Amino acid sequence: MIRVQREDFDVGAEMRALTTGNTGIGGLASFVGLVRDMAGGTGDSAMTLEHYPGMTERLLTEIDEEAHRRWPLEGSMVIHRHGRLEPGEQIVMVLTASAHRQAALDSCAFLIDWLKTQAPFWKLEETPDGASWVEARASDDQAAARWAKPETSG
Amino acid sequence: MIRVQREDFDVGAEMRALTTGNTGIGGLASFVGLVRDMAGGTGDSAMTLEHYPGMTERLLTEIDEEAHRRWPLEGSMVIHRHGRLEPGEQIVMVLTASAHRQAALDSCAFLIDWLKTQAPFWKLEETPDGASWVEARASDDQAAARWAKPETSG
Amino acid sequence: MKLLYFAWLKQKIGTDAEEITLPDDVNDVAGVIAWLKTRGDKYATALKDDAVVRVAVNQTYAKPDTPVSDGDEVALFPPVTGG
Amino acid sequence: MKLLYFAWLKQKIGTDAEEITLPDDVNDVAGVIAWLKTRGDKYATALKDDAVVRVAVNQTYAKPDTPVSDGDEVALFPPVTGG
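Chains as they are written, first to last, in this note's numbering: chain C, 259 to 412; chain V, 259 to 412; chain B, 899 to 981; chain A, 899 to 981.
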């Protein structure tokens with residue numbers, strides 16, 4: 259399941275919602291992305307995430323389904339926020355649950371690598387010199403490329 | 259930090275304790291191990307984790323410190339329960355926080371691989387045929403061996 | 899056709915969405931971009947470096963030769979920077 | 899010397915801890931195990947397959963030739979099965 263929302267989320271509550279009543283789950287992996295203070299505590303590190311409503315949900319649903327095809331998952335939850343976020347705020351959460359830990363860990367890393375590099379969001383960073391759009395990074399593409407299946411990459 | 263305890267734990271509260279006030283954290287990875295129902299819903303899958311009080315804490319502290327040496331972590335928390343646990347209950351939790359996601363993900367996987375294979379616990383499983391001690395598995399040793407540094411393995 | 903712009907493309911063009919009527923000879927993504935560049939300085943400047951412009955047609959990533967027609971939703975945006 | 903037993907070693911030997919006085923000629927881990935086997939059927943049975951017996955001296959993993967003396971805490975247990 260996926261959600262794209264302005265509001266914050268409660269990781270503990272999402273974990274309980276995913277695992278309660280399913281005793282087939284042996285491992286629950288998660289990743290939470292937070293806004294880092296890049297300005298050394300001056301508070302000038304807020305950012306705004308813009309997205310493409312509709313397309314974002316479609317692509318997140320597709321990658322979530324892809325994770326379920328690649329790994330034997332008992333459940334998953336992806337939440338991504340948009341709008342203005344300040345240092346320390348939660349941006350994104352991935353939860354993956356499986357009978358065994360390796361599937362949970364690997365699918366969680368797969369999803370967050372995709373989300374941090376391929377998800378249709380654009381980041382506007384506030385700095386002391388004004389706001390500027392973040393450029394896509396080649397290293398992020400490489401992290402996501404690790405997961406490409408040879409037969410489907412292109 | 260590490261804790262070995264009989265009581266359950268609250269992952270969300272532990273996450274907040276680790277991240278609150280530290281805006282140098284960009285990524286928080288976690289893994290929670292749960293008791294899986296191996297008996298198909300008959301409820302006969304409780305288990306008891308026995309440990310060596312004192313040595314367990316020492317070894318968990320050592321591996322936590324090793325993770326901090328290998329990765330640039332902003333914080334970590336390992337909690338491991340002992341005693342009798344029923345299907346669906348939480349057994350173990352690893353949290354790792356770093357500026358960047360890869361360090362958080364990798365150190366979390368490192369710690370949980372070690373905990374699930376090398377941590378000094380012995381598992382007594384309850385089955386319809388009575389209680390039996392779980393044997394160590396070779397596949398677990400292999401998972402932990404992936405992390406061995408060539409110069410320090412022995 | 900509904901056109902959507904995101905991030906700095908939105909800022910440079912000065913709007914986030916507009917309804918346009920395609921000229922008869924424009925029938926693919928490359929054609930839409932070439933035609934937009936003729937619509938004024940803001941478009942020309944925003945789309946100057948079209949190697950960094952990504953396009954989605956009806957919310958699916960498109961290539962220069964992806965066909966488009968009047969009922970489509972066509973979005974132009976920079977490479978995504980993730981979450 | 900304080901001896902501790904865990905998991906099925908504890909069950910087979912029938913106790914989780916005991917205080918013993920080492921014979922003078924026992925001064926390493928292998929010696930302790932060999933001596934324990936002479937203390938009765940329960941010990942002999944529990945320690946029969948000593949390839950699967952792990953030993954810690956003062957809460958640190960030990961080898962057969964690790965030295966031991968009377969003030970030590972020596973723990974015997976099966977291979978750990980993790981959490």
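By construction, these hints were calculated from the structure, which means they are not laboratory data.
Quick caveat, the model's predicted, so the values are computed rather than measured.
Positions of the beta carbon are idealized from the N, C-alpha and C atoms, including for glycine.
Check each hint, because a few of them may be wrong.
Quick look at which bits of chain A chain V covers, simulated, 3 or more residues with Cβ under 8 Å [claimed, not checked]:
#, segment
1, 899-907
2, 966-979
Taking lysine to aspartate or glutamate pairs in the EDC-like style, the calculated list, with each CA pair at most 16 Å apart, reads [as the list claims (entries may be wrong)]:
#, chain 1, residue 1, chain 2, residue 2
3, A, Lys908, V, Glu344
4, B, Lys900, B, Asp947
5, B, Lys908, B, Asp948
6, B, Lys908, C, Glu308
7, A, Lys935, A, Asp948
8, A, Lys940, A, Asp970
Hint check results:
Counting residues of the segment 899-907 of chain A whose CB lies closer than 8 Å to any CB of chain V gives 4, which reaches the minimum of 3, so the coverage claim holds. Taking a C-beta to C-beta cut-off of 8 Å, the segment 966-979 of chain A contributes 6 residues in contact with chain V, enough for the three needed, and the coverage statement holds. This hinted pair does not check out: A:Lys908 and V:Glu344 have alpha carbons roughly 23 Å apart, beyond 16 Å. Annotation: proposed proximity of B:Lys900 to B:Asp947 is violated, straight-line Cα distance about 22 Å (limit 16 Å).
The straight-line distance between the Cα atoms of B:Lys908 and B:Asp948 is roughly 14 Å, inside the 16 Å bound, and the hint therefore holds. Straight-line distance between C-alpha atoms of B:Lys908 and C:Glu308 comes to about 11 Å, which keeps the hinted pair within the 16 Å bound. For the hint pairing A:Lys935 with A:Asp948, the CA-to-CA distance comes to about 10 Å; that is within 16 Å, so the pair holds. Taking the CA atoms of A:Lys940 and A:Asp970, the gap is near 23 Å; set against the 16 Å cutoff, the hint is violated.
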